[in-house]
Amino acid sequence: MQIIGLVIYYAISLYLAILMVRVVLDWISFLARDWRPRGVVLVLANIVYSLTDPPVRFFGRLIPPLRFGGIGLDMGFLVFFLVLVVTQRLVAWFFLYSLA
Numbered sequence: 040m041q042i043i044g045l046v047i048y049y050a051i052s053l054y055l056a057i058l059m060v061r062v063v064l065d066w067i068s069f070l071a072r073d074w075r076p077r078g079v080v081l082v083l084a085n086i087v088y089s090l091t092d093p094p095v096r097f098f099g100r101l102i103p104p105l106r107f108g109g110i111g112l113d114m115g116f117l118v119f120f121l122v123l124v125v126t127q128r129l130v131a132w133f134f135l136y137s138l139a
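First residue of the sequence shown: 40, per this note's numbering; consecutive thereafter.
Treat each hint with caution, since some may be false.
Okay, the calculated beta carbon distance ranges per label pair [unchecked claim]:
1. 78 x 40: 36 to 46 Å
2. 135 x 71: 19 to 29 Å
3. 46 x 121: 31 to 41 Å
4. 106 x 82: 29 to 39 Å
It should be emphasised that the hints constitute simulated quantities derived from the structure, not laboratory data.
All C-beta atoms in this analysis are idealised placements derived from N, C-alpha and C, irrespective of residue type, glycine included.
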């Protein structure tokens with residue numbers, strides 16, 4: 040049972056790391072508007088976006104963006120990130136700490 044918990048815990052950790060790469064790619068494209076990924080970075084960006092787009096879009100449809108004048112903050116991404124962190128903590132508590 041502990042091995043299952045470790046696998047789930049590390050899978051969520053890997054997915055959180057992929058989400059952080061997405062944040063970095065989004066900020067780079069936001070700050071340097073003329074930047075376009077090429078080569079290995081393009082392949083990495085395609086993998087990152089294909090893995091993270093479905094859940095981020097799902098939560099984005101459920102939760103409307105928070106408006107600050109002309110700027111909209113995507114709360115769906117933040118909620119999805121928090122759901123993953125809470126799920127990771129629950130997995131750690133249920134599978135890993137309860138058996139010690």
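A quick look at each hint next to the structure:
At about 43 Å, the beta-carbon gap between residue 78 and residue 40 stays in the expected band of 36 to 46 Å. For the pair residue 135 and residue 71, the supplied restraint of 19 to 29 Å is violated, since their beta-carbon distance comes to about 41 Å. A C-beta distance of roughly 22 Å is found between residue 46 and residue 121, which places it outside the suggested range of 31 to 41 Å. For residue 106 paired with residue 82, a C-beta distance near 35 Å keeps the hint of 29 to 39 Å intact.
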